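Asks: Fit chain B to the given chain A structure using the hints.
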Amino acid sequence: MELKFILNEKNVVTEIEADSLLIDVVRDLGCLSVKRGCETSNCGLCTVFVEDKPVLSCSVLAARVEGQHVTTLEGLQEEAADFGAFIADQGAEQCGFCNPGFIMNAIAMFRENPHPDDEEILAYLSGNLCRCSGYEGQLRGIKAYLEFKDSQKGEA
Amino acid sequence: MLQIKQYVKVTSLDEAYELNKKKSNVIIGGMHWLKMSSKSVGTVIDLSGLGLDEIVETESTFEIGCMVSLRQLETHEGLHAYTMGAMRDAVKDIVGIQLRNTATVGGSIFGRYGFSDVLTVFMALDASVVCYKAGEISLKEYAKKKADRDILVKLVIKKQPLRIAYLAQRHARTDFAMLTCAVCFADGMWRAVLGGRPEKAEMVMDEEKLLTNGISVTEAQAEAFGKYVAEQLEFGSNMRGSAEYRKEIAAVLVKRALLTAGGNA
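Protein sequence lines, in the order shown, are assigned to chains A and B.
Residues 9 to 164, numbered by the numbering used here, are exactly what the first sequence covers, in order.
Residues 1319 to 1583, numbered by the numbering used here, are exactly what the second sequence covers, in order.
Chain A extracted, bound-state conformation (with noise of 0.2 angstroms):
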């Protein structure tokens, strides 16, 4: 069957089966970051946008986001770089493994919630498996990255 959404703020039409998951799709197209971690709904780690909502792309049917808007890190990389590139600074990216779902899960939260607190933080966080840190490190690197964004905004 015949797929049409927009990825990445671009429109596509591809080739489909009934039974064909989401994450495979994107990552046919191109979209790399999105991988395959528990494949039980659980890791977080091929989480994408559908129409802005942070989803699981290994458990969504690929026909059902025709007509939408799905987004990957491959679309988000100002937001990923700025805010990649600090986490990795603070020393919060330990085995890598977690990253790209958590930097998607982290952008959402930044847009829904653009101050969080601890624990609104940790359970946004909950949602993307990493087994490294106990995300002490994620958490120290978030509250320091959104300190920084306060203060550049105060500055200009």
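Hints are not guaranteed to be accurate.
To be verified - For lysine-lysine, the following BS3-like pairs were computed, each having C-alpha atoms within a straight-line distance of at most 30 angstroms:
| no. | chain 1 | residue 1 | chain 2 | residue 2 |
| --- | --- | --- | --- | --- |
| 1 | A | 12 | A | 61 |
| 2 | B | 1545 | B | 1518 |
| 3 | B | 1462 | B | 1357 |
| 4 | B | 1327 | A | 43 |
| 5 | B | 1463 | B | 1476 |
| 6 | B | 1464 | B | 1339 |
| 7 | B | 1462 | B | 1477 |
| 8 | B | 1410 | B | 1340 |
| 9 | B | 1357 | A | 157 |
| 10 | B | 1565 | B | 1464 |
| 11 | B | 1339 | B | 1410 |
| 12 | B | 1340 | B | 1476 |
| 13 | B | 1357 | B | 1341 |
| 14 | A | 61 | B | 1357 |
| 15 | B | 1518 | B | 1451 |
| 16 | B | 1462 | B | 1451 |
| 17 | B | 1462 | B | 1476 |
| 18 | B | 1339 | B | 1323 |
| 19 | A | 151 | B | 1565 |
| 20 | A | 12 | B | 1357 |
| 21 | A | 43 | B | 1410 |
| 22 | B | 1463 | A | 43 |
| 23 | B | 1565 | B | 1545 |
| 24 | B | 1327 | A | 61 |
| 25 | A | 12 | B | 1545 |
| 26 | A | 43 | A | 12 |
| 27 | B | 1339 | B | 1357 |
| 28 | B | 1327 | A | 18 |
| 29 | A | 18 | B | 1462 |
| 30 | A | 61 | B | 1323 |
| 31 | B | 1410 | A | 61 |
| 32 | B | 1464 | A | 12 |
| 33 | B | 1327 | A | 12 |
| 34 | B | 1462 | B | 1565 |
| 35 | A | 43 | B | 1477 |
What the hints assert, rightly or not - Where chain B lies over chain A, by a calculated footprint (3+ residues, C-beta under 8 angstroms):
| no. | segment |
| --- | --- |
| 36 | 17-23 |
| 37 | 97-108 |
Unchecked claim - Stretch-level coverage of chain A by chain B, calculated; a stretch enters the list once three of its residues show a Cβ under 8 angstroms from a Cβ in chain B:
| no. | segment |
| --- | --- |
| 38 | 37-50 |
| 39 | 67-76 |
Just so you know, the hints here were simulated from the structure itself, not pulled from any lab data.
In this text the structure is predicted, and so the values were computed from the model without any measurement.
Backbone N, C-alpha and C fix where the C-beta goes; we use that ideal spot for every residue, glycine too.
Replies: Frame of chain A; chain B shown alone:
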């Protein structure tokens, strides 16, 4: 691995009902469970084009479409206020925000899962279910029925003055609950609902009148009611806990939830 021959985004409930008569076809909610199976499905039936993804609050009810996501339940201010935060407490630890953005209330309730936080809190709220053919039926009854080919269209919560609190015991934040618990005071009586025993949620009313001061509850009364509820229900063992452990925890969760929902005497 799940195999699907055909995908149909239906344009009416009637179309969905006709398609769903065939046993090899299935209605999809968030599809998280179905996707982990190795079933061979004829047609998956998608209800997402029917406008059933809204929470409609009126003066007397909340009407919650079957395609409403768990995240919508979590962030709806009206539901949050009415349930004293219990709705948010019930869903906030279900995996992560990404899953809750697609997992649906209809899928959760239709599945009648033993571990279900969602079934527990809706049952405590004395919600009803509206099915396409069977019409409105209390969730308490619906939960006991075996899954059939009818379509769960929406859930209805009739507003009334109430006090409610939700608690669950998890070994880790996003794991399945080892035990789910909601207590609610309405119509002059307390009720407790416990799920994850590991069987699905069941309700126990304060038939013995252990809580006699309306919403006011003393610690001793809360403890007595907790033990009473634990005695009324059956508990089983699985990888998350033994029956004995669950029974002990059940009494404690009921007590704590009562002291949260009730005022001090």
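Asks: If a hint holds in the structure, say so; if it does not, say that too.
Replies: Here is how each hint holds up against the structure:
1. Taken as a hint, the residue 12 of chain A and residue 61 of chain A pair is honoured in the structure, with Cα atoms around 19 angstroms apart against an allowance of 30 angstroms.
2. Taking the CA atoms of residue 1545 of chain B and residue 1518 of chain B, the gap is near 19 angstroms; set against the 30 angstroms cutoff, the hint holds.
3. The hinted pair formed by residue 1462 of chain B and residue 1357 of chain B meets the criterion: a straight-line CA distance of about 25 angstroms does not exceed 30 angstroms.
4. For the given pair, residue 1327 of chain B sits about 27 angstroms from residue 43 of chain A by alpha-carbon distance, which is consistent with the 30 angstroms threshold.
5. With a C-alpha separation of about 22 angstroms, the suggested pairing of residue 1463 of chain B with residue 1476 of chain B holds against the 30 angstroms cut-off.
6. Proximity of residue 1464 of chain B to residue 1339 of chain B is assessed by CA-CA distance (about 16 angstroms); at most 30 angstroms being required, the pair is judged to hold.
7. A distance of roughly 24 angstroms separates the Cα atoms of residue 1462 of chain B and residue 1477 of chain B; the hinted pair therefore holds under the 30 angstroms criterion.
8. Taken as a hint, the residue 1410 of chain B and residue 1340 of chain B pair is broken in the structure, with Cα atoms around 35 angstroms apart against an allowance of 30 angstroms.
9. The suggested pairing of residue 1357 of chain B with residue 157 of chain A is violated, with an alpha-carbon distance near 49 angstroms, which exceeds 30 angstroms.
10. For the hint pairing residue 1565 of chain B with residue 1464 of chain B, the CA-to-CA distance comes to about 26 angstroms; that is within 30 angstroms, so the pair holds.
11. At most 30 angstroms may separate the alpha-carbon atoms for a hinted pair to count; residue 1339 of chain B and residue 1410 of chain B exceed this at roughly 35 angstroms.
12. For the suggested pair residue 1340 of chain B and residue 1476 of chain B, the alpha carbons sit about 34 angstroms apart, so the restraint of at most 30 angstroms is broken.
13. Proximity of residue 1357 of chain B to residue 1341 of chain B is assessed by CA-CA distance (about 12 angstroms); at most 30 angstroms being required, the pair is judged to hold.
14. Taken as a hint, the residue 61 of chain A and residue 1357 of chain B pair is honoured in the structure, with Cα atoms around 29 angstroms apart against an allowance of 30 angstroms.
15. For the given pair, residue 1518 of chain B sits about 24 angstroms from residue 1451 of chain B by alpha-carbon distance, which is consistent with the 30 angstroms threshold.
16. Distance hint between residue 1462 of chain B and residue 1451 of chain B is fulfilled; the C-alpha atoms sit about 18 angstroms from each other, no more than 30 angstroms.
17. Taking the CA atoms of residue 1462 of chain B and residue 1476 of chain B, the gap is near 21 angstroms; set against the 30 angstroms cutoff, the hint holds.
18. A hinted pair counts as satisfied when its Cα atoms are at most 30 angstroms apart, and residue 1339 of chain B with residue 1323 of chain B qualifies at roughly 16 angstroms.
19. With a CA separation close to 41 angstroms, the supplied pair residue 151 of chain A and residue 1565 of chain B exceeds the 30 angstroms bound.
20. About 27 angstroms separates the Cα atoms of residue 12 of chain A and residue 1357 of chain B, which keeps this hinted pair within 30 angstroms; it holds.
21. Proposed proximity of residue 43 of chain A and residue 1410 of chain B is supported: the alpha carbons are some 25 angstroms apart, at most 30 angstroms.
22. Taken as a hint, the residue 1463 of chain B and residue 43 of chain A pair is broken in the structure, with Cα atoms around 40 angstroms apart against an allowance of 30 angstroms.
23. About 9 angstroms separates the Cα atoms of residue 1565 of chain B and residue 1545 of chain B, which keeps this hinted pair within 30 angstroms; it holds.
24. At most 30 angstroms may separate the alpha-carbon atoms for a hinted pair to count; residue 1327 of chain B and residue 61 of chain A meet this at roughly 21 angstroms.
25. Restraint check: the Cα-Cα separation between residue 12 of chain A and residue 1545 of chain B comes to about 58 angstroms, which exceeds 30 angstroms; the hinted pair is violated.
26. Between the alpha carbons of residue 43 of chain A and residue 12 of chain A the distance comes to roughly 22 angstroms, so the proposed pair stays at or under 30 angstroms and holds.
27. Of the pairs offered as hints, the one joining residue 1339 of chain B and residue 1357 of chain B holds, with about 17 angstroms between alpha carbons and a cut-off of 30 angstroms not exceeded.
28. Between the alpha carbons of residue 1327 of chain B and residue 18 of chain A the distance comes to roughly 24 angstroms, so the proposed pair stays at or under 30 angstroms and holds.
29. Taking the CA atoms of residue 18 of chain A and residue 1462 of chain B, the gap is about 48 angstroms. The hint is violated against a cut of 30 angstroms.
30. A hinted pair counts as satisfied when its Cα atoms are at most 30 angstroms apart, and residue 61 of chain A with residue 1323 of chain B qualifies at roughly 28 angstroms.
31. A hinted pair counts as satisfied when its Cα atoms are at most 30 angstroms apart, and residue 1410 of chain B with residue 61 of chain A qualifies at roughly 17 angstroms.
32. With a CA separation close to 39 angstroms, the supplied pair residue 1464 of chain B and residue 12 of chain A exceeds the 30 angstroms bound.
33. Distance check on the hinted pair: residue 1327 of chain B and residue 12 of chain A sit about 15 angstroms apart at the alpha-carbon level, within 30 angstroms; holds.
34. Taking the CA atoms of residue 1462 of chain B and residue 1565 of chain B, the gap is near 22 angstroms; set against the 30 angstroms cutoff, the hint holds.
35. The straight-line distance between the Cα atoms of residue 43 of chain A and residue 1477 of chain B is roughly 44 angstroms, outside the 30 angstroms bound, and the hint therefore fails.
36. Here the segment 17-23 of chain A counts 0 residues with a CB under 8 angstroms from a CB of chain B, which misses the bar of 3, and the coverage is violated.
37. Using a Cβ-Cβ cut-off of 8 angstroms, 0 residues of the segment 97-108 of chain A lie near chain B, which falls short of the minimum of three, so the contact claim is violated.
38. Proximity of the segment 37-50 of chain A to chain B, defined as three or more residues with a beta carbon under 8 angstroms from a beta carbon of that chain, is established by the 3 residues found.
39. With 6 residues carrying a beta carbon less than 8 angstroms from a beta carbon of chain B, the segment 67-76 of chain A meets the three-residue requirement, and the given coverage holds.
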